[in-house]
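Participant: Letter by letter, the chains look like this.
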Amino acid sequence: MLETAAGDFAWDSAASIAAAVTAGRVGATHIVEATLARIRERDPLLNSFTAVTERRALACAKALDAAQAKRERLPALAGVPFAVKNLFDLAGLPTLAGSKINRDLPPAPRDAALTERLETAGAILVGALNMGEYAYDFTGENIHDGPSRNPHDLNRMTGGSSGGAGAAVGGGLVPLALGSDTNGSIRVPASLCGVFGLKPTYGRLTRARTFPFVASLDHLGPFARTTRDLALAYDAMQGFDADDPACADRAAEPVMPLLDRGADGLRIAVAGGYFKGKTAEAVAAVDCVAAALGANHDIEIPQAEHARSAAFIITASEGASLHLDRLRARARDYDPAVRDRLIAGAMTPASLVMKAQKFRRWYREEVLKLFADVDAILAPATPCTAPLIGQQTFKLDEVELPVRANLGLYTQPISFIGLPVVAVPVPLAPLPIAVQIIAAPWREDVALRVAYALEAQGVVAAPRPAL
Amino acid sequence: MKRKAGRKAKPALARRSRPARATAKRRPENSTGAFVAASAQALGLTLDPAWHASIAFNLRLILRHAALVDEFALPDDAEPAPVFHA
Numbered sequence: 001m002l003e004t005a006a007g008d009f010a011w012d013s014a015a016s017i018a019a020a021v022t023a024g025r026v027g028a029t030h031i032v033e034a035t036l037a038r039i040r041e042r043d044p045l046l047n048s049f050t051a052v053t054e055r056r057a058l059a060c061a062k063a064l065d066a067a068q069a070k071r072e073r074l075p076a077l078a079g080v081p082f083a084v085k086n087l088f089d090l091a092g093l094p095t096l097a098g099s100k101i102n103r104d105l106p107p108a109p110r111d112a113a114l115t116e117r118l119e120t121a122g123a124i125l126v127g128a129l130n131m132g133e134y135a136y137d138f139t140g141e142n143i144h145d146g147p148s149r150n151p152h153d154l155n156r157m158t159g160g161s162s163g164g165a166g167a168a169v170g171g172g173l174v175p176l177a178l179g180s181d182t183n184g185s186i187r188v189p190a191s192l193c194g195v196f197g198l199k200p201t202y203g204r205l206t207r208a209r210t211f212p213f214v215a216s217l218d219h220l221g222p223f224a225r226t227t228r229d230l231a232l233a234y235d236a237m238q239g240f241d242a243d244d245p246a247c248a249d250r251a252a253e254p255v256m257p258l259l260d261r262g263a264d265g266l267r268i269a270v271a272g273g274y275f276k277g278k279t280a281e282a283v284a285a286v287d288c289v290a291a292a293l294g295a296n297h298d299i300e301i302p303q304a305e306h307a308r309s310a311a312f313i314i315t316a317s318e319g320a321s322l323h324l325d326r327l328r329a330r331a332r333d334y335d336p337a338v339r340d341r342l343i344a345g346a347m348t349p350a351s352l353v354m355k356a357q358k359f360r361r362w363y364r365e366e367v368l369k370l371f372a373d374v375d376a377i378l379a380p381a382t383p384c385t386a387p388l389i390g391q392q393t394f395k396l397d398e399v400e401l402p403v404r405a406n407l408g409l410y411t412q413p414i415s416f417i418g419l420p421v422v423a424v425p426v427p428l429a430p431l432p433i434a435v436q437i438i439a440a441p442w443r444e445d446v447a448l449r450v451a452y453a454l455e456a457q458g459v460v461a462a463p464r465p466a467l
Numbered sequence: 001m002k003r004k005a006g007r008k009a010k011p012a013l014a015r016r017s018r019p020a021r022a023t024a025k026r027r028p029e030n031s032t033g034a035f036v037a038a039s040a041q042a043l044g045l046t047l048d049p050a051w052h053a054s055i056a057f058n059l060r061l062i063l064r065h066a067a068l069v070d071e072f073a074l075p076d077d078a079e080p081a082p083v084f085h086a
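Chains as they are written, first to last, in this note's numbering: chain L, 1 to 467; chain W, 1 to 86.
One or more hints might be untrue.
When the alpha-carbon atoms are kept at most 20 Å apart in a straight line, the in silico SDA-like pairs for lysine to any residue are as follows [to be verified]:
{"#": "1", "chain 1": "L", "residue 1": "K395", "chain 2": "L", "residue 2": "T279"}
{"#": "2", "chain 1": "L", "residue 1": "K70", "chain 2": "L", "residue 2": "V52"}
{"#": "3", "chain 1": "L", "residue 1": "K395", "chain 2": "W", "residue 2": "A78"}
{"#": "4", "chain 1": "L", "residue 1": "K369", "chain 2": "W", "residue 2": "E79"}
{"#": "5", "chain 1": "L", "residue 1": "K62", "chain 2": "L", "residue 2": "V26"}
{"#": "6", "chain 1": "L", "residue 1": "K276", "chain 2": "L", "residue 2": "G239"}
{"#": "7", "chain 1": "L", "residue 1": "K278", "chain 2": "L", "residue 2": "P430"}
{"#": "8", "chain 1": "L", "residue 1": "K276", "chain 2": "L", "residue 2": "V399"}
{"#": "9", "chain 1": "L", "residue 1": "K278", "chain 2": "L", "residue 2": "E300"}
{"#": "10", "chain 1": "L", "residue 1": "K70", "chain 2": "L", "residue 2": "V26"}
{"#": "11", "chain 1": "L", "residue 1": "K369", "chain 2": "W", "residue 2": "P80"}
{"#": "12", "chain 1": "L", "residue 1": "K369", "chain 2": "W", "residue 2": "L74"}
{"#": "13", "chain 1": "L", "residue 1": "K276", "chain 2": "L", "residue 2": "L396"}
{"#": "14", "chain 1": "L", "residue 1": "K369", "chain 2": "W", "residue 2": "A78"}
Derived coverage of chain W by chain L (criterion: at least 3 residues anywhere in the stretch with Cβ under 8 Å from a Cβ of chain L; other residues may be distant) [to be verified]:
{"#": "15", "region": "36-45"}
{"#": "16", "region": "48-61"}
{"#": "17", "region": "69-75"}
No lab work stands behind these hints, which were simulated from the structure alone.
Predicted, not measured: the structure shown is a model, and the values here were computed from it.
Built from N, CA and C at the ideal position, the CB exists for glycine as well.
For reference, chain L alone in the conformation it holds in the complex:
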């Protein structure tokens, strides 16, 4: 229900906002004005936005209100405010990708394809979001724009690299945001900020007109506070696009009509071995979800540790190749932590990178065999709840490890072979943590159905922070 009495739409779902705008119960302009006011009020705390597209948003809202007044049929996301990680092209703005260097780029001539598709569906862009520099990040910290801050504890990390997206959705600034996920950059901030995140199958959603990181691993996807909102946005963004060479030539496969099927009849297992939680909170989150689904047996994802290592090598090398010219010309303008990783990646012998690519194909074949016996696999999304901003190390299984490199411990072996995943937030106190629902390629419907069933049971939910 809309909180119309309070005049505050901060915690309404995208679905309820679209329904209210479509029915004429509230104007899109009113929704957008309330959103812009919230951003002005709360974002100085969260530091999630790097640009607010106020004029553009109000113009879109007025056009929608005019269409509604003429009783025109409004699309599925009519009047829903959304924001995008600042590696998405936005016409008229340079595409920062979290960097200082890209501020010198000319303004993008056209929006990213997914931004266009959401706007075609009636959603209204309100701005661009903070992120880790060039997406080589799991923390949500940014040396140029400052860290995005966790809405559940402003002293803690959002996770990254789509940190602004986690903060903006989790903090009630927008009901919907888009991010990217190369090794976990949607699932990690979804976990630490307590929101839902969808990383679709590699090749499902077009990446056209976004700033890349690792071409063979880059995915884009939505953040939201409900499964239904994830599904609405996902359905609006599906479909082939020749402008992304990796985009699969598949017809859209809408999931909204399938959500109500829930998890009935699905075979669900828990990832064992490498994926067994290393902290009490990760164990509790997976146990809670598994119990609700009656998932009472473990399944071994073969050689997951090797998969993570292979993803690490490919990321370092491909990412370095993308940045080599900039590293030659402007190395001092990078965040030193990112620069030194990229330079090391440039020096990685090609023979070792090719071995990682060969391992990747072997691993894919082995993991796909598992889906003959199960429909979905559960695993933690992060090894722990949100660390403190600036924290360099944490203890996992009594071993001191660097935070920056290890927050994606559980996400990397999955995105490595492009499997679809929904990260579902378990509202533990005092901080949330997410569980990955992993499905076979092109079976986003399965992962979303399981998420929807868990949400209906009250097991997973985006907790509302006391901001």
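With chain L held as given, fit chain W onto it using these hints.
Facilitator: Frame of chain L, contents of chain W only:
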């Protein structure tokens, strides 16, 4: 490319002791530093000396991960997946 019969990936890790892996694992820190300097020259990268230690640290981290992958036995006809299709 046709696969040769019996040349499929081995089902379990076959730990092979090969010179390449041993080199990657045992490379001393000072040789990594020398490798960083030589690679920077080959790649046309100008490095501030203050960056060397951090770059060498990151390179050693990558090589540790590479050593793990390197020890995994794959057949000669294993195809790489540089452009992945799910």
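Participant: Per the coverage rule (Cβ-Cβ under 8 Å, at least three residues), is the region 36-45 of chain W covered by chain L?
Facilitator: With 6 residues in contact (Cβ-Cβ under 8 Å with chain L), the coverage given for the region 36-45 of chain W holds.
Participant: Would the hint linking L/K276 and L/V399 be met if the CA-CA limit is 20 Å?
Facilitator: Within the cut-off at roughly 15 Å; holds.
Participant: Regarding the pair L/K369 and W/A78, is the alpha-carbon distance no greater than 20 Å?
Facilitator: This hinted pair holds, its Cα atoms lying about 18 Å apart.
Participant: Starting from L/K70, check that the Cα of L/V52 is at most 20 Å away, please.
Facilitator: violated (29 Å)
Participant: Between L/K276 and L/G239, does the CA-CA distance stay at or below 20 Å?
Facilitator: Distance ~36 Å between L/K276 and L/G239 Cα, so the pair is violated.
Participant: Holds or violated: L/K70 with L/V26, Cα cutoff 20 Å?
Facilitator: Given that 20 Å is the threshold and the Cα spacing comes to 15 Å, the pair holds.
Participant: At least three residues with a C-beta closer than 8 Å to a C-beta of chain L: is that true for the region 69-75 of chain W?
Facilitator: Since 4 is at least three, the answer is holds.
Participant: Keeping to a limit of 20 Å between CA atoms, is the pair of L/K62 and L/V26 held or broken?
Facilitator: holds (12 Å)
Participant: Decide if the proposed pair is consistent with the structure: L/K276 and L/L396, CA atoms, cutoff 20 Å inclusive.
Facilitator: holds (11 Å)
Participant: Taking 20 Å as the top limit, are the C-alpha atoms of L/K395 and L/T279 close enough?
Facilitator: Holds, because 9 Å separates the two Cα atoms, which is no more than 20 Å.
Participant: Are the Cα positions of L/K278 and L/P430 separated by 20 Å at most?
Facilitator: holds (18 Å)
Participant: Is it true that the CA of L/K278 sits at most 20 Å from the CA of L/E300?
Facilitator: holds (16 Å)
Hints 2, 3, 6, counting from the list given before, are not met by this structure.
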